[in-house]
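Novice: Using the sequences and the hints, build the whole thing.
Sequence order for the protein chains is A and B. Everything in the first sequence is counted per our numbering, starting at 1 for the first residue and increasing by one. Everything in the second sequence is counted per our numbering, starting at 1 for the first residue and increasing by one.
Keep in mind that the hints were calculated from the coordinates and are not lab data. Glycine residues also receive a C-beta, built at the ideal position from the N, C-alpha and C atoms. Heads up, some of the hints might be wrong.
DEER-style ranges, computed between Cβ atoms [said to hold, decoys possible]:
#, chain 1, residue 1, chain 2, residue 2, range
1, A, GLU120, B, ASN86, 43 to 53 Å
2, A, VAL301, B, ILE243, 36 to 46 Å
3, B, GLN6, A, GLU218, 53 to 63 Å
4, A, LEU103, B, GLU126, 39 to 49 Å
5, B, LYS261, A, ARG122, 53 to 63 Å
2 protein chains.
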Amino acid sequence: MAKKFQITILGSSAATPTSMRHTTAQLLHYHNKRFLLDCAEGTQMQLRRFRVPIMAIDHVFITHLHGDHYLGLAGLLFTLHLLGRNKDLHIYSPSGLKEISELQFRTSNLIPSYQTIFHEIRRGGETIYEDDHLLAETIEMQHRLPCFGYLFREKPSQRNILKEAIDRYGIPVSAIPDIKRGGDFVTKAGEIIPNATITKTPHRPRSYAFCSDTSYTERFLDQIKGVDLLYHEATFLRDKADIAREKTHSTTVEAATLASKAGAGKLLLGHYSARYKDLGLFIKEAREIFPDTFLAEEGNVVEV
Amino acid sequence: MAKKFQITILGSSAATPTSMRHTTAQLLHYHNKRFLLDCAEGTQMQLRRFRVPIMAIDHVFITHLHGDHYLGLAGLLFTLHLLGRNKDLHIYSPSGLKEISELQFRTSNLIPSYQTIFHEIRRGGETIYEDDHLLAETIEMQHRLPCFGYLFREKPSQRNILKEAIDRYGIPVSAIPDIKRGGDFVTKAGEIIPNATITKTPHRPRSYAFCSDTSYTERFLDQIKGVDLLYHEATFLRDKADIAREKTHSTTVEAATLASKAGAGKLLLGHYSARYKDLGLFIKEAREIFPDTFLAEEGNVVEV
Chain A
1 MAKKFQITIL GSSAATPTSM RHTTAQLLHY HNKRFLLDCA EGTQMQLRRF RVPIMAIDHV
61 FITHLHGDHY LGLAGLLFTL HLLGRNKDLH IYSPSGLKEI SELQFRTSNL IPSYQTIFHE
121 IRRGGETIYE DDHLLAETIE MQHRLPCFGY LFREKPSQRN ILKEAIDRYG IPVSAIPDIK
181 RGGDFVTKAG EIIPNATITK TPHRPRSYAF CSDTSYTERF LDQIKGVDLL YHEATFLRDK
241 ADIAREKTHS TTVEAATLAS KAGAGKLLLG HYSARYKDLG LFIKEAREIF PDTFLAEEGN
301 VVEV
Chain B
1 MAKKFQITIL GSSAATPTSM RHTTAQLLHY HNKRFLLDCA EGTQMQLRRF RVPIMAIDHV
61 FITHLHGDHY LGLAGLLFTL HLLGRNKDLH IYSPSGLKEI SELQFRTSNL IPSYQTIFHE
121 IRRGGETIYE DDHLLAETIE MQHRLPCFGY LFREKPSQRN ILKEAIDRYG IPVSAIPDIK
181 RGGDFVTKAG EIIPNATITK TPHRPRSYAF CSDTSYTERF LDQIKGVDLL YHEATFLRDK
241 ADIAREKTHS TTVEAATLAS KAGAGKLLLG HYSARYKDLG LFIKEAREIF PDTFLAEEGN
301 VVEV
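Specialist: As structure tokens, this is what we get:
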């Protein structure tokens, strides 16, 4: 069975919160791990609201240091300290966050109960995280400040051994690693059991690209080619393309165009300007170009 | 008629937000002015939720630099910038907030559209704000960090001239200031009209003391004697007096004892530890000592 790979939307407003929307944050739940993507003001409350166990978060990925993407980090860090966390916490971000965070702890005269490890992001296309099943790499956005999206790629899975084959052929534990890599099994009697008989093909590796904030650019198009789920900011509707360019943000049409060129499976829009109450036109405009478009809205859970 | 003098509770949780309560912030609405007292994470959203016009806030009073009392300030400052504010904003706080705030703006590569004027609080009993009607003075708390409460006192009002007296005696505008200060009026014919006949006694000056965070102390008892409304933190119930002392916080009983000794009009409790879901015992324990006790709960509006 494929491992859990889902996104929970914690905030989707650009620049300032509105009465309906918090600013940017998402939770990526992959298998038994939780990754936080951006951490705007109120993220710790949103995590609580959507019943995410905050102690399970070991990695926080911050795209850039505009307030609407990181101002909730300090509150989360203080809360983890108050809860007595002792596991390391890894924070990935462009330069500057460590200094702010350390100044805040120093000013409060607190030494955190856990280690905070800051990883400074300097360029796109770098693998910055890896575990047995998942990789994360940076994607260079085009924004007023140094800004990086994050691409989460599942590693190719090994073949899954069928439980009934283990019983039927008496496959010993020692033979399993080779079979998982595609090898046949040779019984004690010398009979060769072809791999295809005793395993099944694993699911195709899945991927999620989190792209915020950026003006329209194809600089990372190759990197996200074939991504299963693309989150791309769409701060404005298409009639505001000039403002979008000036503010280094994107429109619905631009996000959908990139999704289409990348051959993405699905497109998730977010980072809506506070000027928009109703998001109906966001989905309408984007779907004219890329039909499999969805809206990031608070509490939505999206499968990758 | 007495001027508006009311408090709106924006947050009442200690240390960390809970699913029901934000951390500390209050809005003081006096006459035509709005003052923000502490500014925890999420305060800008709470202001929006309770329909407070955030541009009308010109003065922010921060008690101390633990995260649960100031982490919402950066978000508010960025939002005011994005809204194009150009009026000065005054921020009163113990040392350290200016440095954090300036670092955050610098990191975001933003120059605020308005002047932020930081007033560093160093001792209690100082008048730090004054306008035609109201004074604010600092109150020295007893806490792990330098920490100051704020006492807002109405200035004694002048006597109110009765409208019908102006008409009946033909009182000219030039005579009004003297009458307001208590003088009699002398008609053209030389008749002396006693002040009491043509004015009415103004209401007694009111006062609000915002005392958070502190362990039990009588060091500011004289300063708050006779206060109309005392907000005093009560982080714990009475059975946790040891923990309260250790963490330099107070219990229900301690807050009520101080209110009683101060001869306060009403006591408002708040800053409840996140361990408490139900606040019933807070009110019960405090009322045994000081009957006019009320609970700070989000959205409550309390008249001073």
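Novice: Now tell me, hint by hint, if it's right for this structure.
Specialist: Here is what the structure says about each hint:
1. A:GLU120 with B:ASN86: 43 to 53 Å: Since GLU120 of chain A and ASN86 of chain B have Cβ atoms about 36 Å apart, the given range 43 to 53 Å is violated.
2. A:VAL301 with B:ILE243: 36 to 46 Å: Given a distance of about 39 Å, which is inside 36 to 46 Å, the answer is holds.
3. B:GLN6 with A:GLU218: 53 to 63 Å: For GLN6 of chain B and GLU218 of chain A the Cβ distance comes to about 56 Å; the hint holds.
4. A:LEU103 with B:GLU126: 39 to 49 Å: violated, 27 Å
5. B:LYS261 with A:ARG122: 53 to 63 Å: holds, 60 Å
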